[in-house]
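*Asks:* Now for the letters of each chain:
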Amino acid sequence: MITPPELHLTAVLPIVIVAIGSMAILMGEVFLSRASTVLGRKATDIWVGSVLGFASMAFLALALYAAWGAFVGGTTQVFNASHPLLQLDRFSALISAVVALASLLSIALSISYLAELRINHGEYYALILLATTGMMLMVTAIDLLTVFLGLELMSVPIYVLAGFDRRKLRSNESALKYFLIGSFASALLLYGMALLYGTCGGTSFAEIRAGLDPSNPMALIGVGLVIVGFAFKISSVPFHQWTPDVYEGAPSAVTAFMSVTVKTAAFAALLRLLLLAFGSLEASLTNVLWVIAALSVVVGNVMAVIQDNVKRLLAYSSIAHAGYLLIGFVAGTPAGYSAVVFYLIVYMFMNLGAFAVVVALANHGKDCERIESFAGLARSRPGLAALMTLFMVSLTGIPGTAGFMAKFTIFAAAVNAGVIWLTILGVLMSVVSVYYYLRIPVLMYMREPGEEAPRMEIATGEALVLIVCAVAVLFLGIFPNDGSIYFFGEIPLLDWARESLEPLFAS
Amino acid sequence: MLPLDHVIGLSAILFVLGVIGAVTRRNLIVILMSIELMLNAVNLAFVGFNRAWPGSSAAPQLDGQVFVLVVICVAAAEVAVGLGIVIAMFRNRDSVNIEEVSLLKW
Amino acid sequence: MSASVMLFYAFSIMAVISALGMILNVRNTVAAAMSLVVTMVALAGIYVLLGAHLIAVIQIIVYAGAIVVLFLFVVMLLNLRSDEFAPSRQRWLKIFATALGVVVLAQLLRLLEGSLPVTPPLPEGYGGYRQLGIALYTDYILVVEMVALLLLAAIVGALILAKRKID
Amino acid sequence: MGLLDEYLLSFITFFPLATGVGLLATSALASLRGSAGLPAPLWRAVALGSTTLTFLLSLRLFTAFDPTRTGFQFTEHVPWIPDYGINYFVAIDGISLLMVVLTTFLVPIVLLASWNDIERSVRTYVFFMLFLETGMLGAFVSLNLFAFYLFWELMLIPMYFIIGIWGGPRRIYAAVKFFLFTMFGSMLMLVAVLVVYYLSYEQTGRLNFDLVAPPGSQLPALLDTQIPLTGEAVWWRTQFWLFAAFGLAFAIKVPMVPFHTWLPDAHVEAPTAGSVILAGVLLKMGTYGFLRFGLPLFPAAAVEFTPWIVGLALVGILYGSLVAMVQSDVKKLVAYSSVAHLGFVMLGIFCFNTQGVSGSVLQMVNHGVSTGALFVLVGMLYERRHTRQISDFGGLAKPMPVYAAFFGIVVMSSIGLPMLNGFVGEFLILLGAFLAHPLAAVLATLGVVLAAVYMLWMYRRVMFGPVEISENRSLVDLGVREKVVMLAMLIPIFWIGVHPETFLRRIEPSVIELLRQVEERRAVGPTPGVEMEAEAEPAEPPPPAAAEPTEVEEPP
Amino acid sequence: MVSGATHSELLRWIPLLPLITAAFHGVMLGVLRRPASRWLTIGMSCGSVLLSFLISCMAFASLLSLPPDARLLVDELYTWIGAGVGNHAFSSEVAFRLDPLSAVMALVVTGVGSLIHIYSVGYMADDHREDKGFQRFFCYLNLFTFSMLLLVLADNLVLMFVGWEGVGLCSYLLIGFWYSDRWNAYCGTKAFVVNRIGDFGVLVGIFLLFAALADAGTPAFSFLDIERNFEAIAGATLQVPAWLPWGPEWGLVNVVALCFFLGAVGKSAQIPLYVWLPDAMAGPTPVSALIHAATMVTAGVYLVCRLSFLYAAAPEASAVVAWVGALTALVAATIAVAQTDIKKVLAYSTVSQLGYMFLAAGCGAYDAAIFHLGTHAFFKALLFLGAGAVILAMHHEQEIGKMGGLARRIPRTHMVFLIGVLAIIGCPGFAGFFSKDSILVAAWASHVPGHAWLWRIGVGTAVLTAFYMFRLHFLVFYGKCRAPAELRASIADPAKVVIYPLYVLAFFATVGGLAGLPQAYGEYIPILGPVENSNSLANFLAPVLSLPLHDVPHSTEYRLGAIAVAAALLGTLVAWWLYVKRTDLPGRLAHSFSWVHRLLLNKYYVDEVYDAALVRPLVTLSDRVLFRGIDAGLIDKWGVNGTARTVRALAANGLKYVQSGLAQGYLFVMMLGTIAIVAYLVN
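Residue numbers (this note's numbering), protein chains in the order written: chain A, 3 to 509; chain B, 243 to 348; chain C, 137 to 303; chain D, 4 to 559; chain E, 4 to 686.
FYI, nobody ran anything at the bench for these hints, they're computed from the structure.
A virtual CB, placed ideally from N, CA and C, is assigned to each residue, including glycine.
Some hints could be false.
Quick list of simulated restraints, FRET-style, between CB atoms [said to hold, decoys possible]:
hint: 1; chain 1: C; residue 1: Leu-143; chain 2: A; residue 2: Ala-37; range: 42 to 50 Å
hint: 2; chain 1: E; residue 1: Val-30; chain 2: D; residue 2: Leu-45; range: 28 to 36 Å
hint: 3; chain 1: E; residue 1: Gly-657; chain 2: C; residue 2: Arg-227; range: 19 to 27 Å
hint: 4; chain 1: E; residue 1: Ala-635; chain 2: D; residue 2: Gly-25; range: 38 to 46 Å
hint: 5; chain 1: A; residue 1: Ala-60; chain 2: D; residue 2: Arg-484; range: 54 to 62 Å
hint: 6; chain 1: E; residue 1: Lys-659; chain 2: B; residue 2: Asp-247; range: 39 to 47 Å
Chain E is nowhere near these chain D residues, computed Cβ spacing over 12 Å in every case [to be verified]:
hint: 7; residue: Phe-14
hint: 8; residue: Leu-20
hint: 9; residue: Ala-28
hint: 10; residue: Thr-29
hint: 11; residue: Ala-33
hint: 12; residue: Leu-35
hint: 13; residue: Tyr-87
hint: 14; residue: Ala-94
hint: 15; residue: Glu-122
hint: 16; residue: Phe-187
hint: 17; residue: Gln-206
hint: 18; residue: Gly-208
hint: 19; residue: Asp-268
hint: 20; residue: His-502
hint: 21; residue: Arg-508
hint: 22; residue: Ile-515
Computed cross-link-like contacts, BS3-like style, restricted to lysine-lysine with a CA-CA straight-line distance of at most 25 Å [what the hints assert, rightly or not]:
hint: 23; chain 1: A; residue 1: Lys-368; chain 2: C; residue 2: Lys-299
hint: 24; chain 1: D; residue 1: Lys-401; chain 2: D; residue 2: Lys-486
hint: 25; chain 1: E; residue 1: Lys-584; chain 2: C; residue 2: Lys-230
hint: 26; chain 1: E; residue 1: Lys-640; chain 2: E; residue 2: Lys-659
hint: 27; chain 1: E; residue 1: Lys-659; chain 2: E; residue 2: Lys-584
hint: 28; chain 1: E; residue 1: Lys-584; chain 2: E; residue 2: Lys-405
hint: 29; chain 1: C; residue 1: Lys-230; chain 2: B; residue 2: Lys-347
hint: 30; chain 1: B; residue 1: Lys-347; chain 2: E; residue 2: Lys-584
hint: 31; chain 1: E; residue 1: Lys-584; chain 2: E; residue 2: Lys-483
hint: 32; chain 1: A; residue 1: Lys-368; chain 2: B; residue 2: Lys-347
Assemble the whole structure, with the sequences as input and the hints as a guide.
*Replies:* Quick look at the structure:
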C-alpha cells in the first residue's frame, strides 16, 4: 500500500515561490511579447523587460519575506519527515533570504543593463529565478541528492546566463568554459557522492555522518571529490581558473549575480556539508582547507595585481575572498563559521555594489570594464566614483566599512582558534590587495579622463542597488551588530549569523 | 551475483577514460561526450552500490537508482545547454576546436 | 562463473573498448558518438544484470535514444570535419594528463578493491518500476519536481543560446 | 561639568566630520534640485570656521585638563559592539591632550595656508581634510584598541587621496607607496591586536578591547592581561613577537630607518596641506602608538627591544641628517629631517625615564609645529615658483624679506635653537638618553650638529647670495593671510621655547604614570603558564576548538 | 666659594632691555614691514644698551657693597624646563646671577657694546647694500647683546647655553648681514656650524655633569648648587670600553671639562675649530669688533673660568686647555704674519690672543685669563673699530696692499690705532702689557706638564704679535699711499660718532691694565707709590674662581716681564726693518721662502684639509652611499619596489601562464588539485 508522504510545504515555501515565479515569468514573457500594450504603454522590449523584471523582483521579495519569516520563526522544518531531503532551519532560511536579496538586487541592476546591451529577453529573469531556486534548494538540502540537484539547478541557468549576450565571442567563451569546467567538476562531485553512498549506504547527511569511516579510503576519496566539487563552485585555488575568464566574459549584470549568489550558496552548502556530514573528518579536512585557503589568498591577490580589466580584477579578488572565507572554515569554531556567514553577507553587498558601478557605466552596448575607462571618472561621475571608492575600500578591508568588520571577525576567530600563520598570510596578502583595489580610485580621482565617455544617466534600479549596497557597507561597517535603522528596526547581523548556526551545531 | 569490486572497477575505468577524454580531446562535442561518459561511470557506480545497499523488501532503499535517474536528467539538461552553447559559439567562430577558445586569459 | 557474470564481463569489455574508441577516435565525430552509444548500451546491459531494470530501460531511451541523437544532430547541423584542427598547443600537457590518468586509475582500483561494502542478497522486487515509482512519487516527489525545473531551465537555455533569431 | 564638558572629546573629535558630512549633504540636496550647491570658497570658509571652533574647544580641553590628576580624564564610555568587547571609549591623559591640541591647531592652519594652493575639486579637498581631522583625533583619544585601529586606518584614506589627487607629478606612486607601507605594518598589527584580544579573553573570560577599565567599572582591561614571554615552540616568544608586530606598524609610521622611504616620496609629492598634516600629525601616530600601546602592553619585550630601537633611532638621526644634507629638493630635505627628528623622539621614548619620555612627547608637538611650518613655507614658495629645487632659488631674502625672516625662525626652531621649541624637546630627550644610554646619547647629540649643517646650508642656498634667476627677482613677499598663518605657527614655537612648563606640567604626570605601569607590569613575573592558569577563571568555557594562542599552525 | 645669594630684581632688566628693543625691531621689520625712523632706531638700540650698562653699573655697585664672600645677586624668574622625579629631577630656572665674574663680563659687554652701538650709527650710516639694512643691523646687534648678557648672567648651564647658542645665531646673522654676497652667507653658515660642533661638547658636558650629579643624589643644577655638590662627583669615573686609551675608567671630571672645553674651542676659535673666525670678518666691522673680538669669542674663556672649580679638579683637562691655547696662539700668530687683509690680520691676532687666555686658564690663572679678556676687549675692539675707520676712509677697501701712508690723511685714526697696537704687543704701561705679563708668569709658574715650553711659546708668540701688528701698522699708515689715485683725495677721518667711541676705547686700552695690576708692579706705581693688593681684579674675582696658589717671586716676575718686553721690541724692530727700512725685503723673502709664505698665506691649508678630509667625504658618503646607495638603491629599489616587482613578476611571469585561457589546461590543473587532495586525505 502506498502511504502518501507527510509533507511540510512551509519548509519549501521560499523555493516554491521562486519556482512558481520563474514559470510565471516565462508565461508572462510569452503573453506580453504578443501584447500590444503593457500597463498602458506601448509594449516595447524595454517595457516588457521592466515589467518582467519587476514581477520577478516581486517574487523574490516574497521569497525573501518567506525565508525571513522562517528565520525569525526559528523552528527547524523538514519537508518530508519520512525521508528527509530538505530541512529549512534558521541557517538555510537566512542564506535563502540572502540569496533572494542578492538575486533581487541583481535583477534590479539588470533591467536597464539588458536594454543597454540589447539582450532584453524575458528568459533572463526566469533563468535567474531558476538559478535562485537551485541555490535555495542547495542550501536547504540535507541530502547529497538534493545538494547535487540544487547545484545543477543553480548551474545550468547560469551557464546560459553567462552566454546570454550570445552575439559576443567573449560571452560565448565565458559560457563555454563555465559549462565545460562546471560539468567536469559536477562529474567529479558526483563520483564522490557515489563513493560516499557506497560506503555509507545512504545519501542523507545523517547517514553519511553515521557511516563515514575515516579509515576507509573509498570514503576519503569520496569526501575529497565532494570537496573538490565545492572548491570549484566557490572558486578556490586550484579550482579557480575558470573564474576570471567567466567573470570577464559574462555580461556584467550576470557576473554580479553569479559572483555573489553562487559563492554564498556554495559556501553555505559546503558549511552545512562539513558540519552535518563530514564532522568526523575535521582534522584532515582542516589541513586541506588550510592549503586551499592559503593558495587562494595568494594566487587571487597576486594575480589581481596585473589585471587591466575590472571584471577580471574582481574575479581574482573573489578568489582571494574565497580564501579569506576559508580561513573561517579552517578556524572551525562557531565563531569562525558565524564569521563566514557574516562575511558572505557583507561580501554580497560590497561586490554587488562594485559590479553595480561597472554596470551603471556600461554604455552603448559595451561594458565599461577596461580599468583605463575609469580614468577621471571623479570628474564626470563624482557620485559613482565615490561609491566605487567606497566599495573598493570595503573590499580592501579598511576600517569603517563592512569589509573590515568581515575580515576582522574572520581573523579574530582564526586567531582565537590558533590559526596564526594563515592569518598572517591573509593579512599580508590584503596588503597586496590594497594595491589593486586602490588602483581604481587612483584612476578615477588622480588621472585625467580618457576618450571613452561614460554613460551619463543612471537607471532607477542601478541607483537602488548602489544605495542599498553603500548604506549596507557603511552601516555594517560601523554597526555590525547593534545598529538599528528607522523602519527596519534593529539589525544585529553578527547575532543573526551566530544564531543561524545554532541548529547546525545542535545536531 | 556480480562481483561488486569489478562493477566499481569498471566504473572507475570508464570515469578515468572520461576524464582523459575531456582533458585531451580538442573537439568540443567529443569533450561533451567524454563528460557524458564520466556521468555514465557515476551512474554505474550508483547502481552498483545500490546493489550493495538494497534495503529490505519491506523498505527497499533505492537511493542510488533515484540518484541515477536524476543524473540522467541532469545529463540531458547539460547536454542540451552544452550543445546550445556549442552552436552559439560555432555561429560566431565557425569552429569547435576548444583550443581556439582562448580569448579570455591571464 | 555464472552466465550473468560472464555477460557482465562481456558488457564490461564492450563498454571499455567502445569508450576507448570514443576518446581515441580523433577523426570522426560521428564514429565517436556511435562508440558512446555502444558504451551506453553495454552499461544498460550491466544495469539489467544488477537488477536495475527501469534504469536500464531509461538508459537506453534517454541516453542512447535522445542524448546521443542530439549529439549526432548537432554534428550534422554543424557539418563538422574534425581533421582540420591545427596541431595541439598543449600536446605535452595532454600526454602527461593521459599518463597521469592511467596512474590514477591504477591507484583508484587498488584503493577501491579492499573497501567495498558487502553485497547482500537481493530483496523482493528490487529495482522494479513499481518500487522505484513509489519512491519517486512519495519520498522523492520534490526531487522530481525540481528535475522538471532543471529540464525547463535547460530547454529555455538551449533555446536562448541556439535559436537562430530571437525576436 | 556642563554638557559640553562632559562630551567635549566627542564634540572635538566628530565636529569636523559632522561639518564635512553636513557640507556634503547640502551639496547633495542642491544637486537634487539641480543647482550647483554652495560655492567652493564658502566650503573652505565653513571648514575653516569649523576647525577653528574645534581648536577653540580643544583649548578649552587644554585648560580644563587637570594636570595634578594621574590617569585619564574626560572619559566617555559607551558600548558599541559589546559582544566583541568593542566600546566607544575615549579619554585623554597629558600625552594625548597635547596630540589633540596639536592636531586641532594644525588643521585650520593648513586650511588657511592652502587657501589658494588647492584649485581643483576644492570641495572634495575640504571634505577630506575634515574627515582626516576626525580620523586623527579619534586615534589620539581612543582607548579601545579596536577603535584606535579603526581610526588609525581610517585616516589613511583621506591622506591617500590628498596626496594622490592634489599632489605633484609622481603623486600616484607616492600615494600608493604611503598606503602600502602603512597597511603592511598595520595589518600585522591587526594580527597582534587579535592575539592580545584572545589572551585577554582567555584570562578574563570576556571579550574586551578596552586598554584600561573605565573609571568606576568592573570591566576588564587589556592592560591587566598577562602576556606571556614564552610560548610552546622554542622560538615562539609571545610578547616578543606581539611587540614586534605593533612596533613594526608604529615604526613604519614614525618612520624609523629602514622603513622610512615612503616618507620622502609622500612629502615631496603631497600638496602643502598634506605634507603639513603628514609630518605634523600622522607621523606622531607612530610614536604615540608606542607610548600608548607598545610600551604598556608589552613592557618586557619593549625593554628587550630597546637596544635595537635605540640603535635604529640613532641610525635615523644620523642617517636622516646626512641624507637630508645632500637633497636638492627642499621638501625632500625637510622630509629627511623629519626622519632625524623622529629618531630623537624614538630615542627619548626608549629611555624609559621621565625626561626622555616627556621630552619625546614635547618633541612630537615641536616637530609637528616646526616641520609643519617648514612645509607651509616651502608651499608658499612653491605656489609662487612651482619648483622646489634649491638650485632654482638663491637670494630670496632680497625680494621676500618677511618670508626669509619667518623661514629663518622656523629653521632655527627646527635645528633646536634654545628659546625656540625644538631645543626643549631635544634637550630633554638627550638628557634622558644620557641617563639611560650614554653612548647613544653622545652620538645622538651629533645629530644636533648635523641638523645645523643641512638646514643652514639649505637656508643659505635658498635665501642668500645674489638673485641670479630672473623669476626670483619679482617674487611677491608674504601677504596678510600668509603672515597670519606664520604668526600663528610662531606662537607655539616661541611659547614652548620660552615657557615649556605650560606643556610639561601636563605631560609629566601622565608620563610618570606610564613609566610606573611599564615598570610594574615588567616586574610581574614572566612565568606565563603557571600564573595564567592560576588567574584564568573564564566565566564561560573557551570555544571548543580553541587552541593555545601560541600554537603554531603547521601547514600539512 | 660664595656662601649665600642676595635677591635682586634689577638683574633681569640688563638682558631684557636689549631683547625688547630687538623684538621691537623684529616685529617692525619682519612682520609689519614698516621700518622705524632712523632716530627711533638709534635711540632705542643705543639707549637700551646704554641703559643696560647703567643698570649693570648699579648692580655692580650693589655687588661691591656686599662682603666679598657674599657677593652674589640672584634674580629668579620662573622654572624653564623641569622634568623628572626624585634624584633625577631636572630643573632649569630662568634665573640671573651676578657675581664678580659675571659682573666683569656684563660690564665689558654692555660697556664695549654701547660704544660699538654708537660707532655703528656712523659706520652703518652709508650702508645701502641691503634693503632696510640699518634697522635690521641694530635688531641683530641688540639681540646679540641680549644673548651675550644672558650667557654671562645665566644662573645655570642650560640657560647659559641659551645665550651661548644665541650669540652663535647672532654671529651667524651678522656675518651674513650682507647676504647678497654668497661668500658672506657661506662664512656665516660656516661660523654657525663650527660653533655647533663646539656646542655639541657643551651639551654633552651638561648631560654628563647632570647624570653624574643625579647619580650622586644631588640633581640641583644652578652654578651655586653644582659647586656646592661638586665634591660628591669629583672622584667619579666613567666606565668606557677597555680598548679605548686610558680605559676602562675615565675620570668624569676630566671628561666633562674636556667636553666644555670643546665648546670653548668652538666658540673661542681655538685649534682645531678656529677656522670660522677669520672668515667671520665678512661681517660689518662693528660686528667684528663686538662679536669676533671683544665679547662672543671670549665666551669660551668665560665658560672655563665660570667652571674653574671643575677645571681645577681636572689637571689633565687643564693641561689640554693650556696646550691648545698656547699652540693656537702661536699658529694664529704665524698665519697673521702673512695676511694682507686688515681685518684678517686682526682676526688671527684675536685667535692668537684668545690662545693666550686659554693658556692662562689652563695654567690655573683664571684671573689672568679674565684680565686679558677684559683688556683684550678694549684694545681689540679699538683695533677693529680703528680698522673700520680705515676701511670707511678707504671706501670699504680692506686690502692693506692698497693702503699705506694713511698716517697723514687720517691722523686721529692713526693715533688711536697706534695705541691699540701698543696695547696688544704688550708695550709696558699699556693694558696689554700687564695682562699678558700675568699670563706668561702664570705659565712659567704653573705645574702643567711642559710649562716651560708653554712660556717659551708665549714669548715667541709675543715676538710674532709685535711683528705682525707693526707690520700691519706700518703698511697701513706709513710708506707711500698705494690707493688708486681717484680715491686718495677723499680719504679722511670719519665722522665724530665713529671716532669718539675710539677715544673711549683707547683710554681704556691704555689704563685698563691698572685694574689688574700685578702686585709686583703695584709696588712701583708711579704717582701713588706702592699699593696693597694692587691686583684688584684678581681679588675681586677670587671668591668665584678656584685659583691655585703659585707664588712667584717678584724678581722672577720682573725678569719675565723684561723678556716679554724684549720680545715685543724685537718683533717691532723686525717689522720696522722690513716694512719701513727695507721695503723690498718682504717681497724677496716671500719669494725665496715661497712655500712658507704660501703655507702661511693659505693658513696652513687647514680649510682645504677639512674640506678634503671631512666635508667632501661626508657629502660624498651621504650622497653616493647613503642616499643613492642605501636609500634609493637598497631600500627603495630592491626592498620596497623589489617586493612590488616580485609580486608582479610572480603574477606576470609565472602564474599568468597557468591561466592560459585554454579550458583543458584548467581541467588539467583541477585534475592535479583533485589528485593532491585525495592523495592527502587517503594517506
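*Asks:* All hints are to be evaluated individually against the structure, with a verdict given for each.
*Replies:* Hint-by-hint comparison with the structure:
Checking the proposed 42 to 50 Å range against Leu-143 of chain C and Ala-37 of chain A shows it is violated: the Cβ atoms sit about 60 Å from each other. About 34 Å separates the C-beta atoms of Val-30 of chain E and Leu-45 of chain D, a value consistent with the hinted range of 28 to 36 Å. Checked against the given bound of 19 to 27 Å, the beta carbons of Gly-657 of chain E and Arg-227 of chain C, roughly 22 Å apart, stay inside it. At about 45 Å, the beta-carbon gap between Ala-635 of chain E and Gly-25 of chain D stays in the expected band of 38 to 46 Å.
Separated by about 60 Å at the C-beta atoms, Ala-60 of chain A and Arg-484 of chain D satisfy the suggested range of 54 to 62 Å. For Lys-659 of chain E and Asp-247 of chain B, the Cβ-Cβ distance of about 45 Å falls inside the hinted range of 39 to 47 Å, so the restraint holds. Non-interface call for Phe-14 of chain D relative to chain E: holds, since the shortest CB-CB distance, roughly 32 Å, exceeds 12 Å. Taking the minimum C-beta to C-beta distance to chain E, about 32 Å, the non-interface status of Leu-20 of chain D holds against the 12 Å cut.
At roughly 39 Å, the least C-beta separation between Ala-28 of chain D and chain E is larger than 12 Å, which holds for a residue marked as non-interface. With a cut of 12 Å on Cβ distances, Thr-29 of chain D stays outside the contact zone with chain E, its closest approach being about 38 Å. Taking the minimum C-beta to C-beta distance to chain E, about 41 Å, the non-interface status of Ala-33 of chain D holds against the 12 Å cut. Separation of Leu-35 of chain D from chain E is adequate, the least Cβ-Cβ distance of about 43 Å exceeding the 12 Å criterion.
A cut-off of 12 Å between C-beta atoms confirms that Tyr-87 of chain D is not in contact with chain E; the least separation is 32 Å. No Cβ of chain E approaches the Cβ of Ala-94 of chain D within 12 Å, the least distance being about 24 Å, so the stated non-interface status holds. For Glu-122 of chain D, the requirement that its beta carbon stay farther than 12 Å from each beta carbon of chain E is met, with the minimum near 28 Å. Residue placement check: Phe-187 of chain D does not keep its beta carbon more than 12 Å from all beta carbons of chain E (closest about 9 Å).
The beta carbon of Gln-206 of chain D sits about 32 Å from the closest Cβ of chain E, which is more than 12 Å, so the claim that it is off the interface holds. At roughly 37 Å, the least C-beta separation between Gly-208 of chain D and chain E is larger than 12 Å, which holds for a residue marked as non-interface. Not every Cβ of chain E is farther than 12 Å from the Cβ of Asp-268 of chain D; the closest lies at roughly 8 Å, contradicting the non-interface assignment. A cut-off of 12 Å between C-beta atoms contradicts the statement that His-502 of chain D is not in contact with chain E; the least separation is 7 Å.
Non-interface call for Arg-508 of chain D relative to chain E: violated, since the shortest CB-CB distance, roughly 8 Å, does not exceed 12 Å. Residue placement check: Ile-515 of chain D does not keep its beta carbon more than 12 Å from all beta carbons of chain E (closest about 6 Å). Proximity of Lys-368 of chain A to Lys-299 of chain C is assessed by CA-CA distance (about 23 Å); at most 25 Å being required, the pair is judged to hold. Under the criterion of a C-alpha separation no larger than 25 Å, the hint pairing Lys-401 of chain D with Lys-486 of chain D is consistent with the structure, at around 17 Å.
The suggested pairing of Lys-584 of chain E with Lys-230 of chain C is violated, with an alpha-carbon distance near 111 Å, which exceeds 25 Å. A C-alpha spacing of about 24 Å is found between Lys-640 of chain E and Lys-659 of chain E, which places the hinted pair at or below 25 Å, so the restraint holds. Straight-line distance between C-alpha atoms of Lys-659 of chain E and Lys-584 of chain E comes to about 94 Å, which puts the hinted pair past the 25 Å bound. As the CA atoms of Lys-584 of chain E and Lys-405 of chain E are separated by approximately 19 Å, the hinted pair is consistent with the 25 Å bound.
For the proposed pair Lys-230 of chain C and Lys-347 of chain B, the alpha carbon gap of about 19 Å is at most 25 Å, so the pair holds. Taking the CA atoms of Lys-347 of chain B and Lys-584 of chain E, the gap is about 100 Å. The hint is violated against a cut of 25 Å. Of the pairs offered as hints, the one joining Lys-584 of chain E and Lys-483 of chain E holds, with about 13 Å between alpha carbons and a cut-off of 25 Å not exceeded. The suggested pairing of Lys-368 of chain A with Lys-347 of chain B holds, with an alpha-carbon distance near 19 Å, which does not exceed 25 Å.
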